[in-house]
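Chain by chain, the residues:
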Amino acid sequence: MNLQVEQVDKDLVHNFKIIGEIDIYTAPKLKEHLTNLEQAEGMEVELDLSEVNYMDSTGLGVFVGFYKEVKAHNGKMVIKGLNQRLYRLFEITGLSEIMQIKEIEGGEDHASV
Amino acid sequence: MQAFDYIEVKVPAKPQYVGVARLAISGLASRLGFTYDEIEDLKIAASEAVTNAVQHAYHDEKVGEVILGCALYEDRLEIVVTDHGKSFDFEETKKKIGPYQDWNEDSPLREGGLGLYLMETLMDEVKVDHGEGVIVFMTKYLGRERGEGHVKPTVFS
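Protein chains in written order, with this note's numbering: chain X, 1 to 113; chain E, 1 to 157.
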């Protein structure tokens, strides 16, 4: 059970690629990576979850917390690369209505793990 | 009483073992013939229950054990999660569990409510007992769409 977070900043957008499983064990690590980011007014953050193969409410909780922080700085947070299963989690919790989620290009999901 | 196979997994109430419990559920669910999506639902629901137990144990500042009891029936998987750390009689525990309490009276997004909300959404039936420690009891039926025909009263309701 592992989690890797890679940060690649491009132009003025902070890109995070999250790889692995997000649960109660790995969520603190994810949270640390995200909160280490210095919050600037109007900042833009993209979170790429295309290589997340498991996530539960602890992961959603981290994203909710980070989203609130970004919003408090008038920033923008975009989640991308969600497979069908992950998207469903955002959907049934109502978070897809609140957060900006970028659809996978081509519309194909890759639900295989 | 319907025949069932019973499997119990006991792990320390520590975050690093939630994934182990999840893998056990995945293996059992696949043994029963659940679909890929159903197995993923079961993994999340079971993880939520074990996560709650682990968080509960952390508040107590002493690390106990979480027991994941799984009853495999022909048509369903029943899971009981307790943070007692004590072994229990599956059938007896099931009888003691009262009617479902509404966790989500405020909002599913309030702190701590998300996991419970997910369990309720992903499983066919969820019941919770707050006695000594917390017991979560949940059921998922094979080959059944969520929300379909599981409203008939059972001994627990």
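Keep in mind that the hints were calculated from the coordinates and are not lab data. Treat each hint with caution, since some may be false.
Here are the computed distance ranges between Cβ atoms for each label pair [what the hints assert, rightly or not]:
(1) X:E38 - E:Y73: 38 to 48 Å
(2) E:A3 - X:Q4: 55 to 65 Å
(3) E:F4 - X:E44: 30 to 40 Å
(4) E:G27 - X:G65: 30 to 40 Å
(5) X:L37 - E:D5: 14 to 24 Å
(6) E:V63 - X:I98: 27 to 37 Å
(7) X:S96 - E:M1: 34 to 44 Å
(8) X:N74 - E:I7: 23 to 33 Å
Dumping the calculated DSSO-like pairs for lysine-lysine here, alpha-carbon to alpha-carbon at most 27 Å [unchecked claim]:
(9) E:K14 - E:K127
(10) X:K68 - X:K17
(11) E:K10 - X:K29
(12) X:K31 - X:K68
(13) E:K127 - X:K31
(14) X:K10 - X:K102
(15) E:K14 - X:K29
Each residue gets a CB set at the ideal place from its N, CA and C atoms; glycine is no exception.
Here is how each hint holds up against the structure:
no. : hint                      : result
1   : X:E38 - E:Y73: 38 to 48 Å : violated, 54 Å
2   : E:A3 - X:Q4: 55 to 65 Å   : violated, 45 Å
3   : E:F4 - X:E44: 30 to 40 Å  : violated, 53 Å
4   : E:G27 - X:G65: 30 to 40 Å : holds, 33 Å
5   : X:L37 - E:D5: 14 to 24 Å  : violated, 49 Å
6   : E:V63 - X:I98: 27 to 37 Å : holds, 35 Å
7   : X:S96 - E:M1: 34 to 44 Å  : holds, 43 Å
8   : X:N74 - E:I7: 23 to 33 Å  : violated, 52 Å
9   : E:K14 - E:K127            : holds, 23 Å
10  : X:K68 - X:K17             : holds, 20 Å
11  : E:K10 - X:K29             : holds, 26 Å
12  : X:K31 - X:K68             : holds, 13 Å
13  : E:K127 - X:K31            : violated, 31 Å
14  : X:K10 - X:K102            : holds, 17 Å
15  : E:K14 - X:K29             : holds, 16 Å
In the structure shown, a violation is registered for the earlier hints numbered 1, 2, 3, 5, 8 and 13, in ascending order.
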